[in-house]
Amino acid sequence: MDDFFKPSRRSFLRGSAAIAAGTVAGAASAEGADPLITELQDWASYTGVGVDETPYGMPIRFESDVVRRNVEWLTASPISSINFTPIHALEGTITPQGCAFERHHSGAIELTKDDFRLMINGLVDKPLVFSYSDLERLPRENHVYFCECAANTGMEWAGAQLNGAQFTHGMIHNMEYTGVPLRTLLREAGLEAAGDLSDKWVYVEGADASSNGRSIPMEKALDDVLVAFKANGEALRMEHGYPVRLVVPGWEGNLWVKWLRRVEVTDMAVGSREETSKYTDLYEDGIARKWTWVMDAKSVITSPSPQMPITHGAGPLVISGLAWSGHGQITRVDVSKDGGITWETARLGKQGDTKALTRFYLDTDWTGDPMLLQSRAIDETGYVQPTKNQLRDVRGENAVYHNNCIQTWFVNEEGIAENVEVS
Amino acid sequence: MSKSPNLLVPALGGAALVLGLAYGISSREYGAETINSLQARVEQVEANAALASANAQQGAAEVDRLQSELEAVQLTAGTATDLTAPAPVIDGGYGIGRLALEEELAAWNVDVLPDGRGLPEGRGDVFTGEEVFVEKCASCHGDFAEGIGNWPVLAGGFDTLGNKDPVKTVGSYWPYLSTAWDYINRSMPFGEAGTLTADETYAIVAYILYSNDMVDDDFELSRDNFTDVEMYNSEGFVVDDRPELEYAQWRTEPCMIDCKPSVEITMRATFLDVTPEGGGDSVMNEASTDDSPVFAATSDAADDGTAESNTAGVDPALIAAGEGAFRQCKTCHEVGEGATNRTGPVLNGMLGRTMGTVDGFRYSGVFQEATAAGTVWTEENLAAFLADPRGMMAGTKMSFRGVRDEADIAALIAYLQSIGD
Numbered sequence: 291m292d293d294f295f296k297p298s299r300r301s302f303l304r305g306s307a308a309i310a311a312g313t314v315a316g317a318a319s320a321e322g323a324d325p326l327i328t329e330l331q332d333w334a335s336y337t338g339v340g341v342d343e344t345p346y347g348m349p350i351r352f353e354s355d356v357v358r359r360n361v362e363w364l365t366a367s368p369i370s371s372i373n374f375t376p377i378h379a380l381e382g383t384i385t386p387q388g389c390a391f392e393r394h395h396s397g398a399i400e401l402t403k404d405d406f407r408l409m410i411n412g413l414v415d416k417p418l419v420f421s422y423s424d425l426e427r428l429p430r431e432n433h434v435y436f437c438e439c440a441a442n443t444g445m446e447w448a449g450a451q452l453n454g455a456q457f458t459h460g461m462i463h464n465m466e467y468t469g470v471p472l473r474t475l476l477r478e479a480g481l482e483a484a485g486d487l488s489d490k491w492v493y494v495e496g497a498d499a500s501s502n503g504r505s506i507p508m509e510k511a512l513d514d515v516l517v518a519f520k521a522n523g524e525a526l527r528m529e530h531g532y533p534v535r536l537v538v539p540g541w542e543g544n545l546w547v548k549w550l551r552r553v554e555v556t557d558m559a560v561g562s563r564e565e566t567s568k569y570t571d572l573y574e575d576g577i578a579r580k581w582t583w584v585m586d587a588k589s590v591i592t593s594p595s596p597q598m599p600i601t602h603g604a605g606p607l608v609i610s611g612l613a614w615s616g617h618g619q620i621t622r623v624d625v626s627k628d629g630g631i632t633w634e635t636a637r638l639g640k641q642g643d644t645k646a647l648t649r650f651y652l653d654t655d656w657t658g659d660p661m662l663l664q665s666r667a668i669d670e671t672g673y674v675q676p677t678k679n680q681l682r683d684v685r686g687e688n689a690v691y692h693n694n695c696i697q698t699w700f701v702n703e704e705g706i707a708e709n710v711e712v713s
Numbered sequence: 007m008s009k010s011p012n013l014l015v016p017a018l019g020g021a022a023l024v025l026g027l028a029y030g031i032s033s034r035e036y037g038a039e040t041i042n043s044l045q046a047r048v049e050q051v052e053a054n055a056a057l058a059s060a061n062a063q064q065g066a067a068e069v070d071r072l073q074s075e076l077e078a079v080q081l082t083a084g085t086a087t088d089l090t091a092p093a094p095v096i097d098g099g100y101g102i103g104r105l106a107l108e109e110e111l112a113a114w115n116v117d118v119l120p121d122g123r124g125l126p127e128g129r130g131d132v133f134t135g136e137e138v139f140v141e142k143c144a145s146c147h148g149d150f151a152e153g154i155g156n157w158p159v160l161a162g163g164f165d166t167l168g169n170k171d172p173v174k175t176v177g178s179y180w181p182y183l184s185t186a187w188d189y190i191n192r193s194m195p196f197g198e199a200g201t202l203t204a205d206e207t208y209a210i211v212a213y214i215l216y217s218n219d220m221v222d223d224d225f226e227l228s229r230d231n232f233t234d235v236e237m238y239n240s241e242g243f244v245v246d247d248r249p250e251l252e253y254a255q256w257r258t259e260p261c262m263i264d265c266k267p268s269v270e271i272t273m274r275a276t277f278l279d280v281t282p283e284g285g286g287d288s289v290m291n292e293a294s295t296d297d298s299p300v301f302a303a304t305s306d307a308a309d310d311g312t313a314e315s316n317t318a319g320v321d322p323a324l325i326a327a328g329e330g331a332f333r334q335c336k337t338c339h340e341v342g343e344g345a346t347n348r349t350g351p352v353l354n355g356m357l358g359r360t361m362g363t364v365d366g367f368r369y370s371g372v373f374q375e376a377t378a379a380g381t382v383w384t385e386e387n388l389a390a391f392l393a394d395p396r397g398m399m400a401g402t403k404m405s406f407r408g409v410r411d412e413a414d415i416a417a418l419i420a421y422l423q424s425i426g427d
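Chain order of the listed sequences is A and B. Position one of the first sequence corresponds to residue 291 (this note's numbering), numbered consecutively onward. Position one of the second sequence corresponds to residue 7 (this note's numbering), numbered consecutively onward.
Treat each hint with caution, since some may be false.
Covered by chain A, according to a simulated footprint, are these stretches of chain B (three or more residues, beta-carbon under 8 Å) [as the list claims (entries may be wrong)]:
#1 91–98
#2 108–115
#3 152–165
#4 177–183
#5 190–202
In silico DSS-like pairs for lysine-lysine, Cα to Cα no more than 27 Å straight-line [to be verified]:
#6 A:Lys568 - B:Lys170
#7 A:Lys403 - A:Lys416
#8 A:Lys568 - A:Lys490
#9 A:Lys640 - A:Lys520
#10 B:Lys336 - A:Lys568
#11 A:Lys510 - A:Lys568
#12 A:Lys580 - B:Lys170
#13 A:Lys520 - A:Lys510
#14 A:Lys403 - A:Lys520
Here are some of the chain B residues that sit facing chain A, going by a computed Cβ distance under 7 Å [what the hints assert, rightly or not]:
#15 Ile102
#16 Gly103
#17 Leu105
#18 Gly168
#19 Pro172
#20 Gly242
#21 Val244
#22 Val245
#23 Leu251
#24 Pro260
#25 Thr272
None of these hints come from the bench; they were simulated from the model. Here a beta-carbon is modelled for each residue, glycine too, at the ideal position from N, C-alpha and C.
Between the sequences and the hints, there should be enough to build the whole structure, so can you do that?
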């Protein structure tokens, strides 16, 4: 079937020669007529594939490099590890599920809807068990939210390490979730038994072998937490917790428990492994910060970036990037081309959703001189994304999580970009 | 929201829009001309300070009038009617879900709180703990809880938390002992979670305490003395203080021009230096700081000298695919030169060898029987084993669900065949 769309080698070579010539001559004139236009092409003559060829479509094979990638040395085993969203190659704000980063503690499991059970217990009036079809009978909501691992950009604390926005900032995805508010389920079980809710917690736990569990203050649980069963309109993928995961808007990804099986109302934080030995922030003073849930405002230029060099030479250039904040909306993004000496306010793709990715653009004219590209996000609280040095001044270099520093890409005369740190 | 002029564009909300209308601005597109005329207008207003009071009152009235007008227009246009709403909640609930039974609660509600609530009856001493630990934990964490490879170190690291490279262990970092008991009970051993008895868990925790020099070798841990154990770093945590340390100073209007005199590159990406031995097929290693980075989705076929015999006639692409598929096995199995037994035995020269005969590996009963019977690994029985390990070798310690894809099985066999002794 692919042959119908495959250009012949001869016409391909002619085509690329024409493109090369066009580059030399510039956009204003071509040296000769483009055979892709003047000659009848196979795809314009033969028929393509039929509607029964691909019941569920995958990206066309020419996009096969737009995939999640793993950095093997980060972890002991791919079963307890993380991979990275190819944010450098995506546009807009919605992350397709198939390339949205994965983080597992004991591997991704296959759990059917029929085998799914969700227990609500602890300080509730009546402990309940919900089936998947029970969830489908409760009022649901739709929201777009980003999910960012607390360790995103964590490898960059000590210095510029990884060459690519995918690797420095790719532990993030942004999807439209459909689900039942957690407060609805808690009210089904009844919270009279919990008494004063202001000092109560919910402990949320997954069904996989890692039994990943986290404590969430009741105030957040009753606010915007979703028990989600769809993402971007379709079922969750296995690697994202099919059939049901928790969505905890604006808070670190580890709380977004996958394969959710239990919500327990408690009178104290459980102090689970993931909220004590991990996902705590050790500062220079030897004191660790706990309950650092919120993901602060952050941004990154996705193109140009090390995996997305400028290939068209000087002239009009679209600088494209992503910004987000766990505190609410992104209200503004500034871009610098000289490493932070001067800043220009970028154009936002659209008004930012709360706790969701916002696309920004700086439509500029590249002189062909080297650039030190930076972006700086500002959220609705007026918080301005800090530099790496500002963060280090407060926290030191021992921290692992919550690195939301301004990222710098050095772009040389050839348009090649590199991850650097600047003074 | 900031009052700086260049911020007005994204900041236009309802009130600002009305004010904008009052000044005759009907579009969000602020050209230089508009800004100039605005500045002229501001100067004018300042020059006419005597009229300011009257103007202000007049202005307020005008704002009120325009606000009403705007609302009226919006209503007419139908845009003011927002039909979105949060999911409704009704008094008494929807009556969905069923009561959880006592035995169901007992099975799942097993988390242990820092004050010891949730701990079951049971006990275990250091001596027993060492035996269980060496059997079930040491392949990843080391015989002395020192950690193997990238697997977590569980012991030591005291007085390192303020250092450049802090060593965060159960002893040096964890604030609660309950965390260790809870995590080991529910999530360990890796690949066999939930199989430990309460007594085994008490014993393992006792041994970890001993490895950290926190108890003597005759110590026995039980529910009764659990909360008596003092953790080294119990006072080492404070609640998130970013609001005081960071937000307070970083919620300011940022600099836009001449923000610093000059900028120098102080560090370039140096990932090649931090890539450890054995991590060699990461796509990162193909990037270079000198040339345009090249990124590939998959690693190239192995050429690390381990391919020796048995490869004649086998498709190199199949072997390469097998190496890729083998990554899921690497958690427990090593191959190639210098490979050692881990959770599972070394797999060098596996095909054609009698089952259960790798030196130094403690095999399950079913494999010991196969050894006694002289059963040899063949392509056929290896395929069956890979497809359903526990189906073919009931009682095997290999806690792996099996490979579902037949192509992956063929590739894995080709890869294992390519690895010599």
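Comparing the hints with the structure gives:
no.: 1; hint: 91–98; in the structure: holds (count 4)
no.: 2; hint: 108–115; in the structure: holds (count 4)
no.: 3; hint: 152–165; in the structure: holds (count 3)
no.: 4; hint: 177–183; in the structure: holds (count 4)
no.: 5; hint: 190–202; in the structure: holds (count 6)
no.: 6; hint: A:Lys568 - B:Lys170; in the structure: holds, 18 Å
no.: 7; hint: A:Lys403 - A:Lys416; in the structure: holds, 24 Å
no.: 8; hint: A:Lys568 - A:Lys490; in the structure: holds, 22 Å
no.: 9; hint: A:Lys640 - A:Lys520; in the structure: holds, 24 Å
no.: 10; hint: B:Lys336 - A:Lys568; in the structure: holds, 24 Å
no.: 11; hint: A:Lys510 - A:Lys568; in the structure: holds, 21 Å
no.: 12; hint: A:Lys580 - B:Lys170; in the structure: holds, 20 Å
no.: 13; hint: A:Lys520 - A:Lys510; in the structure: holds, 21 Å
no.: 14; hint: A:Lys403 - A:Lys520; in the structure: holds, 12 Å
no.: 15; hint: Ile102; in the structure: holds, 5 Å
no.: 16; hint: Gly103; in the structure: holds, 4 Å
no.: 17; hint: Leu105; in the structure: holds, 6 Å
no.: 18; hint: Gly168; in the structure: holds, 3 Å
no.: 19; hint: Pro172; in the structure: holds, 5 Å
no.: 20; hint: Gly242; in the structure: holds, 6 Å
no.: 21; hint: Val244; in the structure: holds, 6 Å
no.: 22; hint: Val245; in the structure: holds, 5 Å
no.: 23; hint: Leu251; in the structure: holds, 5 Å
no.: 24; hint: Pro260; in the structure: holds, 5 Å
no.: 25; hint: Thr272; in the structure: holds, 5 Å
Every hint from the earlier list agrees with this structure, and none is contradicted.
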